[in-house]
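As they're listed, the protein sequences go chains R and F.
Note that our numbering has the first sequence beginning at 782, numbered continuously upward.
Note that our numbering has the second sequence beginning at 10, numbered continuously upward.
These aren't lab readings, by the way, just hints derived from the structure by calculation.
Just so you know, nobody snuck in bad clues.
With the C-beta cut set under 8 Å, the calculated list includes, among others, these residues of chain F facing chain R:
#1 Asp131
#2 Arg289
#3 Glu670
#4 Leu720
#5 Asp726
#6 Leu728
#7 Tyr731
#8 Asp789
#9 Phe792
Calculated from the model, a selection of chain R residues having no Cβ within reach of chain F, i.e. all distances over 10 Å:
#10 Arg790
#11 Ala805
#12 Pro828
#13 Asp841
#14 Glu917
#15 Gly923
#16 Gly935
#17 Pro953
#18 Asp985
#19 Thr1010
#20 Glu1011
Quick list of the computed label-pair ranges, beta carbon to beta carbon:
#21 Thr63/F with Phe787/R: 23 to 31 Å
#22 Arg969/R with Leu451/F: 24 to 32 Å
#23 Asp665/F with Pro956/R: 31 to 39 Å
Quick caveat: nothing in here was measured; it's all calculated off a predicted structure.
Every residue gets a Cβ at the ideal spot worked out from N, C-alpha and C, and that includes glycine.
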Amino acid sequence: MKPPPFGYRAPRTLDEAVTALADADGGKVLAGGQSLVPLLNMRLAAPAELIDVNHVAELDTLEADGAGVRVGALARHARVERSATAARVQPLLRRALRHVAHPVIRNRGTVVGSLAHADPAAELPAVLALLGGHVEAVSVRGRRVVAARDLFVGPLETALADDELAVAAFFPAAPPRTGTAFAEIARRHGDFALAGVAATVTVDGDGQAEAVRAAFLGVAEVPLVLDLTEAAASGRLAEHVRERIDPESDIHASADYRRHLAGVLAQRALAKATADALAREAP
Amino acid sequence: MSTRIFGEGIARREDPRLLTGQGRYLDDLGRDALAAAFVRSPHAHARIIDIDVTGALDVEGLVAVYTWEDLPGRVAEPLPLLIPHPALTHGRTGYALARDTVRHVGEPVVMVVARDRYLAEDAAERVRVEYETLPPVVGVEAAERAEHLVHDDVPGNVGAVLRQETGDVEAALAAAPHVLEFRLDIERSAATPLEGRGVHARWDADDGSLRVHSSTQTATSVRAAIAVKLGLPQGKVEVVAPDVGGGFGVKIVHPWPEEVLVPWAARLLGREVKWTEDRREHFVAAAHERAQVQHVRVGFDGAGRVLALDVRILHDHGAYTPYGVIIPIVTSTQLLGPYKIGVYRAEVVSLYTTTLIVTPYRGAGRPQGVFCMERTMDRIAAHLGRDRAGVRAANLIGPDEFPYDQGLTFQDGRPLIYDSGDYPALLAKVTDLIGWDGFPALKEAAAAEGRRIGIGLACYVEGTGVGPYEGGHVEIDSSGRVHVATGLTSQGQGHQTVFAQIAAAELGVPVEDVHVVTGDTRRFGYAVGTFASRAAVMSGNAIALACRRVRAKALRIAGEALEADPSDLDITDGVVHVRGDRSSGIPLRTVSVLSNPLRYAFDEQTALATQFAVGGPDTEPPVPHGEEPGLEGRDYYSPVRSTFAAGMHAAIVETDPDTAEIRVLRYAVVHDCGRLINPLVVEGQIHGGVAQGIGGALYERMAYDESGQLLNASFMDFLMPYATEVPRVETDHLETPSPLNPLGIKGAGEAGVIPVSAVIAAAVEDAEGIAITAMPLSPDALFRLRRTQPGALPPSDVGR
Chain R
782 MKPPPFGYRA PRTLDEAVTA LADADGGKVL AGGQSLVPLL NMRLAAPAEL IDVNHVAELD
842 TLEADGAGVR VGALARHARV ERSATAARVQ PLLRRALRHV AHPVIRNRGT VVGSLAHADP
902 AAELPAVLAL LGGHVEAVSV RGRRVVAARD LFVGPLETAL ADDELAVAAF FPAAPPRTGT
962 AFAEIARRHG DFALAGVAAT VTVDGDGQAE AVRAAFLGVA EVPLVLDLTE AAASGRLAEH
1022 VRERIDPESD IHASADYRRH LAGVLAQRAL AKATADALAR EAP
Chain F
10 MSTRIFGEGI ARREDPRLLT GQGRYLDDLG RDALAAAFVR SPHAHARIID IDVTGALDVE
70 GLVAVYTWED LPGRVAEPLP LLIPHPALTH GRTGYALARD TVRHVGEPVV MVVARDRYLA
130 EDAAERVRVE YETLPPVVGV EAAERAEHLV HDDVPGNVGA VLRQETGDVE AALAAAPHVL
190 EFRLDIERSA ATPLEGRGVH ARWDADDGSL RVHSSTQTAT SVRAAIAVKL GLPQGKVEVV
250 APDVGGGFGV KIVHPWPEEV LVPWAARLLG REVKWTEDRR EHFVAAAHER AQVQHVRVGF
310 DGAGRVLALD VRILHDHGAY TPYGVIIPIV TSTQLLGPYK IGVYRAEVVS LYTTTLIVTP
370 YRGAGRPQGV FCMERTMDRI AAHLGRDRAG VRAANLIGPD EFPYDQGLTF QDGRPLIYDS
430 GDYPALLAKV TDLIGWDGFP ALKEAAAAEG RRIGIGLACY VEGTGVGPYE GGHVEIDSSG
490 RVHVATGLTS QGQGHQTVFA QIAAAELGVP VEDVHVVTGD TRRFGYAVGT FASRAAVMSG
550 NAIALACRRV RAKALRIAGE ALEADPSDLD ITDGVVHVRG DRSSGIPLRT VSVLSNPLRY
610 AFDEQTALAT QFAVGGPDTE PPVPHGEEPG LEGRDYYSPV RSTFAAGMHA AIVETDPDTA
670 EIRVLRYAVV HDCGRLINPL VVEGQIHGGV AQGIGGALYE RMAYDESGQL LNASFMDFLM
730 PYATEVPRVE TDHLETPSPL NPLGIKGAGE AGVIPVSAVI AAAVEDAEGI AITAMPLSPD
790 ALFRLRRTQP GALPPSDVGR
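Let's have the full structure, built from the sequences with the hints guiding it.
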């Protein structure tokens, strides 16, 4: 389990980084390395060149304002998880991050790296998709914004081009009267989820749910966002979710079981998000 | 003997070194050594048509590439069948490098040696092997159907049929008032130590000698095997086990292909060569355990007493049988546990499959046997509507029935005779500890809240301390340091602590003065190995006996110096003195000097032993007749048969009505391993064992697909439990000394793991009212069971 030979470059500026990426034939960006390095060691990935962006100081940012949380490409999971400002602006981020692997991995892994890796069982793609966030990508050709709904194309596959570097992710702030929740089931604490749900519930002035949305992980090739407002009102929430998803079987769980879990988790997340919305409403 | 230090729960003396990164493991050795890597079979079963190494030759830093064709003499012959047995009529072993056929994914085919491991893997990747695939045989049922053969010359894929019986089981079944018949399944798992295997070898061309370090559980036997394979006198081969990061049984298998090839290449190349196994290799190329299918027929009376028990077990031993039929023997004998069974018959059919070899892993066949017996006890209780603890109590061997002869032959070839124990006392302790009698009220209260909880119980007897022997050497040097050496190896057990406690207690010295060396053939050449919960029993007693020789000699020498009768002397804090009078005495370091008459002095201490300093009669030789110079002693312990430890575990679990998740709320262990040398070390062994047992019960399995590919050969997908998945373990001890050995001790190394699957199955069954017959049990499996057999066991039949 040693990687095959690869070239290595450690740019100091964003310009150098995107130039290196454009020049490399089969380059791969190294940030936290929590997914890439195991793939290299198992020889499942053999990039010609690694572009190590850890020295690009301008990517090491975390900003939060009334509009949302903007996470730079070098912000580690742990930093975002511990940020009180980020948690206030968008509480779902911290709730989800606590399910990302283990503390030592969160100390090194990055939020943007997780999004760019696009594992369908990962937490952050589902959160970005649910909140309608986006990723900013830079290449020698310029800068563009890729909306979450366009970003996730398939398992481990995004709309980012080979020469594009994801420099930041933007998670919109929680609107008024809106609560969030995250629920997942993994075989062991910190493992990739067998199934998971991120949910938002917006309540009206009477405390009744007027908008219910959920994003599912581990049950589809990309994060699956469903509007569950009507299903929640009808009392057929779990059944509705189970009808709408088509998970795969693997050695850890059958498709049937995943489908079942998605329904249970949707109910649990919805109840928690509703309680959260009401709590935020309360003076 | 002093009991101050023997029996004390002192902290492990090895931990500060190991916990601060000061350990020296195999991969820490030989920094400049060449690295070996292996091209391994990607197929479960295939014929090798052609091997083309030319692509590898371009890799800069490549030193050598070897295939079977390159191997000379005995290196090219099949690996040894370590434990022959009359029932193993068709034993087969593999080659160090596959000769013409591969029989499991991961079998080594080509060895590459290069400047470092990166380059070795680059080169290995470029070797092209052409295979003609053959039909895979996966699982015991496919093996038994024998539509395809794993070895052409092994009909029916049957390696061994092991039968033992104590009477006419058919007649006893026919006469029994109640009879039940059912099937049980246990999947494959593995030891998976934190450190994989590894070998480092250095050839000394001037001396014609070989020094090998191996991450092994037996240094002496690896030495013997290498000497035979390489045609070297044993005296020219040294084998040392450095710090070993866990073994749990897998490292008792030897010689591994790599253990032969690395030393062979080191000699051939005249360079140090090292191979450090990586995790993926360990999953596909080391060894697995556990997999069995069990068919049970049991006859019993209205009180639940077992009148007849007939088990037929299909055992999957994988592609080869280097370790013989030890697991089938252990399963079929230890299945009886603490019970008196009317008539017993066991037939184990040990079958070849095209999957990795199956060799003992902590528990070594006992978890399967205990699962079988304890599930049977629960079935009987359910059938009769009786309390599960009560049914067990009705079958227990009484405390006055020892020695108790089960009428079978154990794994050491000796009769299965339990030496001592008090099983009713253990049952009382465990039911007290878990709160067995109060549980129905708890369960009812939980049910009122919509929660499902269940309780389970399982008992076991473990034959420990199997022979043939171990030895100990003890020497007190002129600084007063006590050097203890024993030949068996350490892989985390705490030998530096417990062997020192034994020596300190026997010699009357502070434990800090005792230094223990294990697993180094340079220090002790005669040994068997560390497995079967035997180290404390075997080496512990051997060290005690060696200490007694040293003590007697010290008292003789000190008696002359003090002009006292040795029988009036005692040793306290390293000073020999007249019993009851510590005002004058002679330190052991001085006794050591006096024991070794010198011509030459090197310091003040040794000056005392030179010819013009020593007095005494000039008619006697300086070393008296029948004595040897030096304050040292050597002795061996060789038991007539194994000593039998016992224990009982109980657990309370909660199952989630919605998600089918299973959580262990409480886990209780009571354990009897005779006299405790160090209760802290024993509890640590139990905690670790329970952790592995929880892995086997709820998480770990080898996911082979039908083509024989292992789908979860990584720690991402092989679910070894984390600390977050392991419950707190509550323990209590009983001490029934063994009459078989001087210290009265029994083994404890495997105890924690043995009954865990049986306990968890029983508790989940109690919570769910669904028969649990297959382990491990995942939430997915429980979810399926709820759909396919809801209410298979009516709650009223589940017992308490």
